[in-house]
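Novice: Residues per chain are reported as follows:
There are 2 protein chains.
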Amino acid sequence: MEAELKAMLSDLETLKRSLPDPSHHASIDKMQLRVEHLTNLAKSAPVQRSKVKDMSAEVVDSNPYSRLMALQRMGIVQNYERIREFSVAIVGIGGVGSVAAEMLTRCGIGRLLLYDYDKVELANMNRLFFRPEQVGMTKTDAAVQTLSDINPDVVLESYTLNITTVQGFETFVSSLKNKTFRPSKEGSGVDLVLSCVDNYEARMVVNQACNELNQTWMESGVSEDAVSGHIQLLIPGETACFACAPPLVVASGIDERTLKREGVCAASLPTTMGVVAGLLVQNTLKYLLKFGHVSPYLGYNALKDYFPTMEMKPNPQCSNVACVDRQREYLLVKPARDAAAKAKIEAEALSATEFPLHDDNEWNISVVDDSELDKTDVRSLDALPDGLVRELPNADEFQKLPVPLETANSIDDLDDLRRQLEALSAG
Amino acid sequence: MEAELKAMLSDLETLKRSLPDPSHHASIDKMQLRVEHLTNLAKSAPVQRSKVKDMSAEVVDSNPYSRLMALQRMGIVQNYERIREFSVAIVGIGGVGSVAAEMLTRCGIGRLLLYDYDKVELANMNRLFFRPEQVGMTKTDAAVQTLSDINPDVVLESYTLNITTVQGFETFVSSLKNKTFRPSKEGSGVDLVLSCVDNYEARMVVNQACNELNQTWMESGVSEDAVSGHIQLLIPGETACFACAPPLVVASGIDERTLKREGVCAASLPTTMGVVAGLLVQNTLKYLLKFGHVSPYLGYNALKDYFPTMEMKPNPQCSNVACVDRQREYLLVKPARDAAAKAKIEAEALSATEFPLHDDNEWNISVVDDSELDKTDVRSLDALPDGLVRELPNADEFQKLPVPLETANSIDDLDDLRRQLEALSAG
Numbered sequence: 001m002e003a004e005l006k007a008m009l010s011d012l013e014t015l016k017r018s019l020p021d022p023s024h025h026a027s028i029d030k031m032q033l034r035v036e037h038l039t040n041l042a043k044s045a046p047v048q049r050s051k052v053k054d055m056s057a058e059v060v061d062s063n064p065y066s067r068l069m070a071l072q073r074m075g076i077v078q079n080y081e082r083i084r085e086f087s088v089a090i091v092g093i094g095g096v097g098s099v100a101a102e103m104l105t106r107c108g109i110g111r112l113l114l115y116d117y118d119k120v121e122l123a124n125m126n127r128l129f130f131r132p133e134q135v136g137m138t139k140t141d142a143a144v145q146t147l148s149d150i151n152p153d154v155v156l157e158s159y160t161l162n163i164t165t166v167q168g169f170e171t172f173v174s175s176l177k178n179k180t181f182r183p184s185k186e187g188s189g190v191d192l193v194l195s196c197v198d199n200y201e202a203r204m205v206v207n208q209a210c211n212e213l214n215q216t217w218m219e220s221g222v223s224e225d226a227v228s229g230h231i232q233l234l235i236p237g238e239t240a241c242f243a244c245a246p247p248l249v250v251a252s253g254i255d256e257r258t259l260k261r262e263g264v265c266a267a268s269l270p271t272t273m274g275v276v277a278g279l280l281v282q283n284t285l286k287y288l289l290k291f292g293h294v295s296p297y298l299g300y301n302a303l304k305d306y307f308p309t310m311e312m313k314p315n316p317q318c319s320n321v322a323c324v325d326r327q328r329e330y331l332l333v334k335p336a337r338d339a340a341a342k343a344k345i346e347a348e349a350l351s352a353t354e355f356p357l358h359d360d361n362e363w364n365i366s367v368v369d370d371s372e373l374d375k376t377d378v379r380s381l382d383a384l385p386d387g388l389v390r391e392l393p394n395a396d397e398f399q400k401l402p403v404p405l406e407t408a409n410s411i412d413d414l415d416d417l418r419r420q421l422e423a424l425s426a427g
Numbered sequence: 001m002e003a004e005l006k007a008m009l010s011d012l013e014t015l016k017r018s019l020p021d022p023s024h025h026a027s028i029d030k031m032q033l034r035v036e037h038l039t040n041l042a043k044s045a046p047v048q049r050s051k052v053k054d055m056s057a058e059v060v061d062s063n064p065y066s067r068l069m070a071l072q073r074m075g076i077v078q079n080y081e082r083i084r085e086f087s088v089a090i091v092g093i094g095g096v097g098s099v100a101a102e103m104l105t106r107c108g109i110g111r112l113l114l115y116d117y118d119k120v121e122l123a124n125m126n127r128l129f130f131r132p133e134q135v136g137m138t139k140t141d142a143a144v145q146t147l148s149d150i151n152p153d154v155v156l157e158s159y160t161l162n163i164t165t166v167q168g169f170e171t172f173v174s175s176l177k178n179k180t181f182r183p184s185k186e187g188s189g190v191d192l193v194l195s196c197v198d199n200y201e202a203r204m205v206v207n208q209a210c211n212e213l214n215q216t217w218m219e220s221g222v223s224e225d226a227v228s229g230h231i232q233l234l235i236p237g238e239t240a241c242f243a244c245a246p247p248l249v250v251a252s253g254i255d256e257r258t259l260k261r262e263g264v265c266a267a268s269l270p271t272t273m274g275v276v277a278g279l280l281v282q283n284t285l286k287y288l289l290k291f292g293h294v295s296p297y298l299g300y301n302a303l304k305d306y307f308p309t310m311e312m313k314p315n316p317q318c319s320n321v322a323c324v325d326r327q328r329e330y331l332l333v334k335p336a337r338d339a340a341a342k343a344k345i346e347a348e349a350l351s352a353t354e355f356p357l358h359d360d361n362e363w364n365i366s367v368v369d370d371s372e373l374d375k376t377d378v379r380s381l382d383a384l385p386d387g388l389v390r391e392l393p394n395a396d397e398f399q400k401l402p403v404p405l406e407t408a409n410s411i412d413d414l415d416d417l418r419r420q421l422e423a424l425s426a427g
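In order, the protein sequence lines correspond to chains C and F. Note that the first sequence covers residues 1 to 427 in UniProt numbering. Note that the second sequence covers residues 1 to 427 in UniProt numbering.
What the hints contain is simulated information worked out from the structure, not anything from laboratory work. Everything hinted at is true.
Okay, derived cross-link-like pairs now, DSS-like style, lysine-lysine, Cα gap no bigger than 27 Å in a straight line:
#, chain 1, residue 1, chain 2, residue 2
1, F, K290, F, K313
2, F, K119, C, K51
3, C, K334, C, K177
4, C, K313, F, K304
5, F, K344, C, K304
6, C, K30, F, K6
7, C, K185, C, K53
8, C, K290, C, K334
9, C, K16, F, K16
10, C, K185, C, K51
11, C, K290, F, K304
12, F, K304, C, K344
Every beta carbon over 12 Å from chain C, so not counted as near; a handful from chain F, in silico:
#, residue
13, E85
14, Q167
15, V321
16, V333
Backbone N, C-alpha and C define an ideal beta-carbon position, used for all residues, glycine too.
Produce the complete structure using the sequences and hints provided.
Specialist: Have a look at this one:
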């Protein structure tokens, strides 16, 4: 707009010089003043914050990262700046996904990939993030607009598509594979996929893509009555995939699409969705920055403020072929993983005795011992070369799937959970 | 801006007509096109949504309340529209308070009172809500700007003041007493006070005001290391007040202000603050709209996804005189309260047998039985006339405080909690 106004001023000046009659000059002077006034009005529009090259821990009001870098000083995170290396894909930019995207943007994540095909409506205004002035825009466009204003340091990629279509699925998978942002990264081009969709079909599609790519992901969901939700960590081959244990809340035998009929809509609350997004991104940060314990499953019952947890093993008879392939691979490398984990723990225990965790602690805050946390953290083993599977000796064959036992275990887990949930509903 | 551009077009037209030489007309035509382009650019600036007179459950994209009114259809809330009658005061518009304000605004709360004395800085950008373009504005002004854009139906009152000053405290108390919004309301002019401040001194001031006004409030907090938080319900005389049980995390014997010294700052995360704000407002909705169970205390340990709960009885030897007064009043009306509660439960049990909770349930969602929840909900008794205390017969004198027992109980509760927390930190 300012460029247009500048050109306008110059046009007026040219016209003035070409006019011989001074009686016309007054009229042009008046217009020049108008353009100057318009230029001032245009200038009062929002100013953007400039990009920040390095994350600094300096405590000044102008540093957008001081409170995050303080996590290092507090002994919570060892190297917060690493967050700039990570790419996170968010599928579904609705009530949960948009808030998750904003949280990661404010945390200074390296790169966000956003997927949605929907448009912003006034009916979305009972959840956080979108503003009434964005009604009619695609959710991806509106999200990029808001997020780039909040933090221009984050690389934003948006995909306005439906992943459940053939073309959408292809674009989805190839975007996850793209490693331009960090060519040295092993595996796919993203560190984590967050599923924030609102239907079973789309979850199964995310599950399919992640099983094929051997991509760790987190699933999230909020119930149709708006008062419960959950998050779940899914590591192909290591935990149950979404097809291993069908969800407990899908109406059996009914085509989901018939539920979303004219004149009927699900309830939603900004509170439930904000809590689920917060728990999802908190576990994302713990996973990426390696602190605390990443919950394999965490439920939220808002009526009773009850937070059930559980772990689900993969189902060896899973209907998803890629899941069964990942399970086989996982069991083959298990001995090597276990040995590497043991070696890492021993090395860390040694270094922990050499250097104290904190030099001072004038804040009187007690934190959980890092080495203790790392014992439960098997993710650090993902660094094993991809090719290792085929290079292992046949001696590991004895680690083959103990099929009946595992099946029994996962069925027990599910029955247990179902009983817990039934007791909860009845109570 | 659009008016200026329209005037500009008309000026150009006048000039064109007054110029005899057609060679000048082309130049003016070009400028007219420029102005038209500028007009289109100006039009794409934000449009506000108009006010909505009545909350409707109609499922159309243009209805900002359809997903909230659906809570009635789902059997969660009996009368959602009542939310428009309620006033909530939020003290502290920081990482928790601003998100709580946005959630309540999107839920269509009747009236919000906002208190803060601070300004927006880039250093706040790691938490949700404020935008870089608002840097330098007071938090109250910036919040009113954002919230009124999101939902113009909410009555916003903002107070740019420090409640810990003498003048600030007076204005705070008198604003809570103001009943212009709903003159028929009993007690103070607000239904709930949410404390979202970041220091002990301000919490003690909110506690003092609420004890004096017999005002139910909720306290919230996030730890300096950003990975834990809590919310707590405080009902004067009925639960522990903030002075009854000193907080567990305040550094003993240190003046808080010395902690906030040059070059040092607390860590904070948008995740932890979003979760705490979500739990706080969820419990606010449950309290105001009478559904589910309102948590007396709910903690959040982000490293382990652990959510401790507890109940704290008031301390008969509390140092806060107003608290002890409220305790005495509460015990005097207890028999009448219990009788009314019993009568209400019986009446509801009767009506529950007459009408089924839901006519249909095509969503296959099981919800918690309302009558079951109401048994634990004593708030409905707040409707007892204020004057009742003095009208009760002396026969109730036997309900006097059993001082030694109650003291022992609350000390047990605290010791228990401390042990739990120590075990947690050590684990």
